[in-house]
Amino acid sequence: MSLIRWSPTRDLAAWPSDIVEMQREINKMFDNIFRGERDESFASSSWVPAVDIAEHDDEYIVKVELPGVSKDDVKITLESNILTIRGEKKQEKETKKENLHRVERLYGTFQRSFTLPSTVKSDKIDASFRDGILHISLPKAEESKPKQIEVKVK
Amino acid sequence: MLVRFDYPRTMNSMLDELFATDVRPTRSVFPAVDITEDEHVFQVLAELPGVKKDDVKVAFENGVLTLSGERKPYQIPDDARILMNEMRTRAFERSFEFGFDVQSDKISAEMSNGLLRISIPKAEQAKARTISVK
Chain A
1 MSLIRWSPTR DLAAWPSDIV EMQREINKMF DNIFRGERDE SFASSSWVPA VDIAEHDDEY
61 IVKVELPGVS KDDVKITLES NILTIRGEKK QEKETKKENL HRVERLYGTF QRSFTLPSTV
121 KSDKIDASFR DGILHISLPK AEESKPKQIE VKVK
Chain V
155 MLVRFDYPRT MNSMLDELFA TDVRPTRSVF PAVDITEDEH VFQVLAELPG VKKDDVKVAF
215 ENGVLTLSGE RKPYQIPDDA RILMNEMRTR AFERSFEFGF DVQSDKISAE MSNGLLRISI
275 PKAEQAKART ISVK
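Chains as they are written, first to last, in the working numbering: chain A, 1 to 154; chain V, 155 to 288.
Treat the hints as calculated values from the structure; they're not laboratory data. The structure displayed is predicted, hence computed values, not measured ones. Keep in mind that a hint or two might mislead.
[Claimed, not checked] Derived EDC-like pairs: lysine to aspartate or glutamate, alpha-carbon spacing no greater than 20 Å straight-line:
#1 A:Lys96 <-> V:Glu215
#2 V:Lys206 <-> A:Asp52
#3 V:Lys281 <-> A:Glu98
[Said to hold, decoys possible] The following label-pair restraints were derived from C-beta to C-beta distances:
#4 A:His56 <-> V:Lys281: 35 to 41 Å
#5 A:Met22 <-> V:Pro231: 37 to 43 Å
#6 V:Asp232 <-> A:Glu94: 45 to 51 Å
#7 A:His56 <-> V:Phe246: 38 to 44 Å
#8 A:Glu25 <-> V:Asp233: 42 to 48 Å
#9 V:Ser258 <-> A:Thr119: 17 to 23 Å
#10 V:Ser222 <-> A:Ser80: 41 to 47 Å
#11 A:Asn99 <-> V:Asp232: 47 to 53 Å
#12 V:Lys260 <-> A:Glu92: 19 to 25 Å
#13 V:Asn216 <-> A:Phe114: 32 to 38 Å
#14 V:Asp192 <-> A:Thr109: 23 to 29 Å
#15 V:Arg235 <-> A:Ser80: 19 to 25 Å
Heads up, the beta-carbon is just placed ideally off N, CA and C, and yes, glycines get one too.
Just chain V, with the same shape it has in the complex (with noise of 0.2 Å):
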């Protein structure tokens, strides 16, 4: 069907589709990561809500940390109706390379509350010295 172009009108709901009447959950990668470092280690932050720990899976070889997994659904009663939908089941893998030493042998891993927690410390050469001039 064709609809005669209405430029006010087509305007307003562009702005109501960008605006409050219509609000969308902010999508991004999944997961979405923040990786910081400090002194010693590189810390990875991955948010995994609803993810079990044993759904995810962490590798790290030759210098490329890999998360990896997947986001069950989860169980609804058959007499429940559902009235909004917006959180995602799905398959995830992401790789980061790290270009610095590590001690891949002390990396370590947890879950809570929804975030995963990755810690890789630095090998001894990768962490900032002072030389001291002769």
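Next comes chain A alone, as it looks inside the complex (with noise of 0.2 Å):
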């Protein structure tokens, strides 16, 4: 017999939304709770965006789900190999609380990091929006590019 593991915050997609809001209330709680043992940018983080990075031959692409984030609203950072990418979802406008039916759109500040696995060419980041989803592209600096080496045979 095996023992998995629980894991707490697997497979919430999968939940009704009141059993995440539940959840997120316990994990805001536990994070007063302990935040002098905590690393101050998860702390200040109210939510966390979805990301995917692929590694192409020449560059990292790096995919963060940011709908409705204005581009003024998103700061990223590469200090030593790791790429930092932070910012805010701002609510367009201020509503009077009986004038709101639904609210799942999750807002505030948000953070995340990643250490790349080789160096890039820091000075030819880019970044762009494209249908809410901030696309970055790291070229790889020159020594961490695969080489192919023809090795003539005699």
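Combine both chains into one complex, guided by the hints.
What follows is the structure, encoded as structure tokens:
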């Protein structure tokens, strides 16, 4: 018999949103209790966007799901191979509580960091928004590209 | 395989899962929807990142608004190596009932920046009025 470690955050998508909301509240509660021990950056995130990362021959492509986030509210930094994306999803306008019928979108600050497997040309990083997805292209530095060497057989 | 129960370690690994070392994206219903109203219209905002407008259908029938469609996978070159894949591609359908009179022929919808914005104007008789007392 094998034991499977309990993972409270697994498969949340399949849960009704009330439970997801409850989970979020519990996380927030723990968040407050353990704040002193946790790294500052994570504590300041109120939600976590989904990310895809692909490695191509000559670049890394990072995609971040940020629907409705303005490009002015996103900051991308690279520091010794650690890529950090942070920002804020803002509510478009203040709406009186009695005029809100449903609020499922998550608002507030977010931050994610990734260690890239190899060095990139930091001055050639390019980022743009398409359909609510932030695309970041990070060209690899020359020394980290795969090299093909032809060896002649005599 | 059985592992001996080790309370402090189990507790730590549970905390690890909840917190920093293993960050997971916040999951919610898809698409997440906000519905607000003002004096004249209901506004529906649905988060549909990576969805093309041709892949979304908006219908309004008998006071029920239905959003349906599909989030399709994007193209990745064959030589690319996936290092992280958290975005989900899927078909979706959600319905919302409006218990007010609305002008269903004046409903408009537009997509921008991954947000679908639907405006549903209220019918004249559904708007708040003050009635003068004679």
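Checked hints:
Among the hinted pairs, A:Lys96 with V:Glu215 is inconsistent with the structure: their alpha-carbon atoms are about 28 Å apart, more than 20 Å. Of the pairs offered as hints, the one joining V:Lys206 and A:Asp52 holds, with about 18 Å between alpha carbons and a cut-off of 20 Å not exceeded. Taken as a hint, the V:Lys281 and A:Glu98 pair is honoured in the structure, with Cα atoms around 15 Å apart against an allowance of 20 Å. At roughly 55 Å, the beta carbons of A:His56 and V:Lys281 sit outside the given window of 35 to 41 Å.
A hinted range of 37 to 43 Å holds for the C-beta pair A:Met22 and V:Pro231, which are about 41 Å apart. Range check, V:Asp232 to A:Glu94: Cβ separation about 49 Å, and the 45 to 51 Å hint holds. Roughly 29 Å separates the CB atoms of A:His56 and V:Phe246, a value that falls outside the hinted 38 to 44 Å. The given range of 42 to 48 Å is respected by A:Glu25 and V:Asp233, whose C-beta atoms sit roughly 44 Å from each other.
For V:Ser258 and A:Thr119, the Cβ-Cβ distance of about 57 Å falls outside the hinted range of 17 to 23 Å, so the restraint is violated. Against the hinted window of 41 to 47 Å, the Cβ-Cβ separation of V:Ser222 and A:Ser80 comes to about 46 Å, which satisfies the hint. Checked against the given bound of 47 to 53 Å, the beta carbons of A:Asn99 and V:Asp232, roughly 50 Å apart, stay inside it. At about 21 Å, the CB distance of V:Lys260 to A:Glu92 agrees with the hint of 19 to 25 Å.
For the hinted restraint 32 to 38 Å between V:Asn216 and A:Phe114, the CB-CB distance of approximately 48 Å leaves it violated. V:Asp192 and A:Thr109 have their C-beta atoms about 27 Å apart, which keeps the hinted 23 to 29 Å range intact. The hinted window of 19 to 25 Å between V:Arg235 and A:Ser80 holds, with their beta carbons roughly 22 Å apart.
In summary, the numbered hints that this structure violates are 1, 4, 7, 9, 13.
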